[in-house]
Amino acid sequence: IVTWNAMLTAYAQNGHVDQAKSIFDAMPHRNIVSWTTMLTGYALSGNLARTKMVFDAMPEKNLVSWTAMEDAYARRGHIEEAKHMFDEMPQRDMFSWNVILAAYSELGDFHQAKDLFETMMPQQDLISWTVMLAAHAQGGDITGAKKLFEQMPERDTVLWGAMLASFAIKGRSVEAMDLFEEMKVGVAQPDEACFSVVLSLCCHHGKVYASRCCFVSMQMDFGFSAGKQHYCSMVDVLARSGYVAEAEELVLVMPVVPD
RNA sequence: UCCACAGUGGCGCGUAC
Numbered sequence: 001i002v003t004w005n006a007m008l009t010a011y012a013q014n015g016h017v018d019q020a021k022s023i024f025d026a027m028p029h030r031n032i033v034s035w036t037t038m039l040t041g042y043a044l045s046g047n048l049a050r051t052k053m054v055f056d057a058m059p060e061k062n063l064v065s066w067t068a069m070e071d072a073y074a075r076r077g078h079i080e081e082a083k084h085m086f087d088e089m090p091q092r093d094m095f096s097w098n099v100i101l102a103a104y105s106e107l108g109d110f111h112q113a114k115d116l117f118e119t120m121m122p123q124q125d126l127i128s129w130t131v132m133l134a135a136h137a138q139g140g141d142i143t144g145a146k147k148l149f150e151q152m153p154e155r156d157t158v159l160w161g162a163m164l165a166s167f168a169i170k171g172r173s174v175e176a177m178d179l180f181e182e183m184k185v186g187v188a189q190p191d192e193a194c195f196s197v198v199l200s201l202c203c204h205h206g207k208v209y210a211s212r213c214c215f216v217s218m219q220m221d222f223g224f225s226a227g228k229q230h231y232c233s234m235v236d237v238l239a240r241s242g243y244v245a246e247a248e249e250l251v252l253v254m255p256v257v258p259d
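Here the first sequence stands for residues 1 to 259, numbered as in our numbering.
Rather than coming from a laboratory, the hints here were simulated on the basis of the structure. Hints may contain errors.
To be verified - Okay, derived cross-link-like pairs now, DSSO-like style, lysine-lysine, Cα gap no bigger than 30 Å in a straight line: (1) Lys146 - Lys170; (2) Lys52 - Lys21; (3) Lys83 - Lys52; (4) Lys170 - Lys147; (5) Lys184 - Lys170; (6) Lys147 - Lys184; (7) Lys170 - Lys228; (8) Lys61 - Lys21; (9) Lys61 - Lys83; (10) Lys114 - Lys146.
Go ahead and model the full structure; you've got the sequences and the hints to work with.
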């Protein structure tokens with residue numbers, strides 16, 4: 001059953017929900033994991049009606065399936081239904097709390113999010129903090145975001161990335177770059193998303209040399225392979241700075257399909 | 001008791017509008 005479920009997941013999470021359904025029907029046995037996998041498969045494909053049908057048809061439900069349904073509504077912007085799931089579910093854990101928190105944040109309902117975070121949630125974890133940091137930044141309160149960041153007892157790469165992106169999006173380039181330098185000396189491990197943010201920042205300011213250093217360092221020092229966004233920034237900054245031939249060369253040699 | 005398969009966070013792509 002675990003092997004069948006693993007197959008199911010492979011199809012369902014890669015956009016082949018119809019093949020997943022075939023496997024689901026062909027499986028000798030199905031358990032709650034199989035059902036929940038199908039539920040998320042339909043949710044990922046954007047078919048909310050089918051998602052709900054699976055949820056209703058499940059022979060048994062647990063916290064994971066309730067949360068998956070809650071998340072499916074939240075991601076389609078159906079906050080009322082998501083909240084309803086949340087209210088109706090038999091138990092709650094950090095996942096279900098964070099889903100509803102992220103839903104308010106995503107909708108730009110900062111006050112609901114803040115209220116939930118500060119007074120209603122029984123506790124908060126790193127993910128809740130990251131959502132709130134992003135919510136502050138999204139609402140333009142970069143100072144509040146920074147304060148949250150500095151107060152954090154623990155920080156992971158995603159949280160650093162959220163702070164970095166918040167600075168970058170609000171035009172606080174110097175702080176963004178300082179933060180990135182701090183990461184690179186070993187305080188935290190930057191990932192591809194961090195490099196994307198920094199590259200687009202360098203690009204935006206027309207800093208060809210800095211862009212190039214960043215682009216090279218990402219691959220040489222950190223072992224990441226450049227993706228479409230990274231190439232896009234490099235090509236952009238080169239071309240805009242008059243290095244049209246170099247930009248063209250890069251497009252020709254890059255292992256990415258140009259869009 | 002622990003270990004395999006399903007649910008939550010940052011940039012972007014895609015999808016939708």
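Comparing the hints with the structure gives:
no. : hint            : in the structure
1   : Lys146 - Lys170 : holds, 12 Å
2   : Lys52 - Lys21   : holds, 15 Å
3   : Lys83 - Lys52   : holds, 15 Å
4   : Lys170 - Lys147 : holds, 16 Å
5   : Lys184 - Lys170 : holds, 22 Å
6   : Lys147 - Lys184 : holds, 21 Å
7   : Lys170 - Lys228 : holds, 23 Å
8   : Lys61 - Lys21   : holds, 19 Å
9   : Lys61 - Lys83   : holds, 18 Å
10  : Lys114 - Lys146 : holds, 16 Å
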